[in-house]
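> Chain by chain, the residues run as shown.
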Amino acid sequence: MHFEEALSKYNLDLDPLSLETLQVNVGRLCNQACKHCHVDAGPARTEIMDRKTIDRILDILRDHPIANLDITGGAPELNPHFRYLVESAKALGKHVMVRCNLTVLFEPGLEDLVEFYVRNAVEIVSSLPYFQEFETDTQRGKGVFEKSIKALRMLNDAGYGQEDSGLLIDLVYNPVGAFLPPPQESLEREFKRELDHRYGITFNRLFTITNMPISRFLHFLQRTGNYETYMEKLVSSFNPAAAEGVMCRSLISVGYDGRLYDCDFNQMLDLNLNHGAPHTILDFDFDRIVNRRIVFGDHCFGCTAGAGSSCGGATA
Amino acid sequence: MSYYEPKDLPRFSDMGKFNPELWKKFLDWYTAATSEEGALTKREKSLIGLAVAHAVQCPYCIDAFTQACLESGSNMEQMTEAVHLASAVRGGASLVHGVQMHNVAEKLMM
Numbered sequence: 001m002h003f004e005e006a007l008s009k010y011n012l013d014l015d016p017l018s019l020e021t022l023q024v025n026v027g028r029l030c031n032q033a034c035k036h037c038h039v040d041a042g043p044a045r046t047e048i049m050d051r052k053t054i055d056r057i058l059d060i061l062r063d064h065p066i067a068n069l070d071i072t073g074g075a076p077e078l079n080p081h082f083r084y085l086v087e088s089a090k091a092l093g094k095h096v097m098v099r100c101n102l103t104v105l106f107e108p109g110l111e112d113l114v115e116f117y118v119r120n121a122v123e124i125v126s127s128l129p130y131f132q133e134f135e136t137d138t139q140r141g142k143g144v145f146e147k148s149i150k151a152l153r154m155l156n157d158a159g160y161g162q163e164d165s166g167l168l169i170d171l172v173y174n175p176v177g178a179f180l181p182p183p184q185e186s187l188e189r190e191f192k193r194e195l196d197h198r199y200g201i202t203f204n205r206l207f208t209i210t211n212m213p214i215s216r217f218l219h220f221l222q223r224t225g226n227y228e229t230y231m232e233k234l235v236s237s238f239n240p241a242a243a244e245g246v247m248c249r250s251l252i253s254v255g256y257d258g259r260l261y262d263c264d265f266n267q268m269l270d271l272n273l274n275h276g277a278p279h280t281i282l283d284f285d286f287d288r289i290v291n292r293r294i295v296f297g298d299h300c301f302g303c304t305a306g307a308g309s310s311c312g313g314a315t316a
Numbered sequence: 001m002s003y004y005e006p007k008d009l010p011r012f013s014d015m016g017k018f019n020p021e022l023w024k025k026f027l028d029w030y031t032a033a034t035s036e037e038g039a040l041t042k043r044e045k046s047l048i049g050l051a052v053a054h055a056v057q058c059p060y061c062i063d064a065f066t067q068a069c070l071e072s073g074s075n076m077e078q079m080t081e082a083v084h085l086a087s088a089v090r091g092g093a094s095l096v097h098g099v100q101m102h103n104v105a106e107k108l109m110m
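Chains L and U supply the protein sequences, listed in that same order.
The numbering of the first sequence is my numbering, which starts it at 1 and goes up by one.
The numbering of the second sequence is my numbering, which starts it at 1 and goes up by one.
Don't read these hints as lab results, they were simulated from the structure.
Errors might be hidden in some of the hints.
[Stated by the list, open to error] The calculated BS3-like cross-link candidates involving lysine-lysine, where the alpha carbons are at most 27 Å apart (straight line), are:
no., chain 1, residue 1, chain 2, residue 2
1, L, Lys52, L, Lys90
2, L, Lys35, L, Lys233
3, U, Lys25, U, Lys7
4, L, Lys233, U, Lys17
5, L, Lys9, L, Lys147
6, U, Lys7, U, Lys42
7, L, Lys9, U, Lys107
8, U, Lys42, U, Lys24
9, U, Lys42, L, Lys233
10, U, Lys25, L, Lys35
11, U, Lys24, L, Lys9
12, U, Lys107, L, Lys233
13, U, Lys42, L, Lys192
14, L, Lys52, L, Lys9
15, L, Lys9, L, Lys233
16, U, Lys25, U, Lys42
17, L, Lys233, U, Lys7
18, L, Lys94, L, Lys233
19, L, Lys150, L, Lys233
20, U, Lys24, U, Lys7
21, L, Lys147, L, Lys192
22, U, Lys17, U, Lys7
Please construct the entire structure, taking both the sequences and the accompanying hints into account.
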């Protein structure tokens with residue numbers, strides 16, 4: 001079954017509801033090379049958003065009622081214009097969240113990053129696939145767990161994840177392999193208990209996100225003979241309630257070169273906004289975007305399986 | 001061809017072909033017992049299922065309950081411990097029959 005057929009079967013019409021979030025991928029350069037990364041990000045990537053594109057994005061944020069700027073990468077902090085983007089968006093009154101991989105805090109020249117985040121009250125969203133070293137390092141690389149714990153302690157010490165501080169840090173769980181995430185609520189309870197008990201770490205929310213059959217994770221599925229069974233699992237776990245909450249109904253994604261997409265996954269598949277919607281930030285048109293038809297593909301089963309999946313976690 | 005093929009697991013429902021009524025009864029019971037939250041959580045049930053799968057040495061069940069354990073949040077330490085538990089009970093079940101051996105020997109020997 002194809003994704004559009006599943007939508008028809010359940011009489012689902014997934015049109016955009018609003019445009020609350022502009023998710024901006026500022027580049028594919030990263031200090032890590034995680035096994036599940038749909039961006040195929042890593043230290044050898046050279047695609048980086050330039051200042052001109054960032055200025056155009058700031059114009060769009062200034063001129064339209066878009067509440068949130070969600071900055072992703074790669075490691076967004078490695079873009080030389082990253083701090084300019086954050087500070088300018090905050091000055092426009094936008095809520096800014098950054099998908100920070102934690103280990104980037106120890107990169108040379110970024111020693112003051114925590115202070116920068118505190119000063120700008122940036123919401124931090126960080127991947128931590130498990131509260132143990134084995135699972136985390138298996139997915140994200142040797143030594144990542146130890147550094148991530150150290151980074152979380154630094155953020156906690158600066159006020160992140162502390163009650164009433166107003167400084168939010170959310171963690172992201174991705175399965176370490178070809179299976180669906182556990183229920184978000186119970187896993188969040190367990191993460192909170194174990195991270196507090198083992199390391200004295202606190203955080204705000206846990207988002208469970210399904211691995212998408214794209215790029216590096218797709219290659220893993222194909223290489224290990226898991227592709228067919230994983231896709232069958234995604235298709236057979238299609239949940240209409242989860243589909244209603246897919247993030248592309250309230251978000252669009254901007255590529256490092258200013259091209260527009262329905263989500264970061266479509267961006268990696270080079271599936272531009274379509275059906276009459278503008279293709280780049282140069283011809284950004286709020287009304288046409290809110291009234292567009294979303295471009296779906298079979299990878300979308302990843303967002304509608306089980307409890308659903310989005311950049312903000314489960315959707316059902 | 002092997003007797004056990006992974007692709008046969010999704011064909012389990014073929015067992016409903018010639019007796020749908022009994023299949024439905026089994027499936028309702030199986031689903032309620034293994035997959036629905038009750039006095040035990042789904043995670044606890046999955047770990048018990050994994051242990052039993054090893055005790056009865058069913059490759060299909062090991063496949064299914066390994067996935068169920070991972071998808072309900074168990075980690076490799078917990079899953080390995082569940083398999084040890086099943087193995088220990090199986091080993092203990094053999095060993096405790098040594099008492100029977102002692103009983104028989106005591107009766108026969110001078």
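> State the violated hints by number, sorted upward, taking the hints as numbered earlier in the document.
Hint check: 5, 7, 10, 12, 14, 18 and 19 fail, others pass.
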